[in-house]
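Novice: Sequence:
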Amino acid sequence: GYMWEYPIARAYADARITKIAGGSIEIMKMLIARQLLAEKKMR
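Here the sequence shown stands for residues 2 to 44, where the numbers follow my numbering.
Hints are computed from structural coordinates only; laboratory data are not their basis.
If you're wondering where the values come from, they're calculated on a predicted model, not measured in any experiment.
Every residue, glycine too, gets a C-beta built ideally from N, C-alpha and C.
Possibly wrong hints are sitting among the right ones.
[What the hints assert, rightly or not] Cut-off 25 Å, straight-line C-alpha distance, at most; resulting in silico cross-link-like pairs (SDA-like, lysine to any residue):
id	residue 1	residue 2
1	Lys42	Leu32
2	Lys41	Met31
3	Lys30	Thr19
4	Lys42	Met31
5	Lys30	Lys41
6	Lys30	Ile18
7	Lys30	Lys42
8	Lys30	Tyr7
9	Lys30	Arg11
10	Lys30	Ala10
11	Lys42	Thr19
12	Lys41	Ile18
13	Lys30	Glu40
14	Lys41	Met29
15	Lys42	Glu27
16	Lys30	Arg44
17	Lys30	Ile9
18	Lys41	Arg17
19	Lys30	Arg17
20	Lys42	Met29
[Unchecked claim] Ranges between beta-carbon positions, derived for each pair:
id	residue 1	residue 2	range
21	Tyr7	Ile28	26 to 36 Å
22	Arg44	Ala10	49 to 59 Å
23	Lys30	Ala10	50 to 60 Å
24	Met4	Ile26	26 to 36 Å
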């Protein structure tokens, strides 16, 4: 556990969430690109 009364603990937790969200954005970009390429092949 973390001692949440220290600002550094909150900053660390926020940084971890941002990293996870950042990875999710990259995955979404990849999925969208795959979908667009698949649609282009079908034409």
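Novice: What are the numbers of the hints the structure violates, in ascending order?
Specialist: 8, 9, 10, 11, 12, 17, 18, 23
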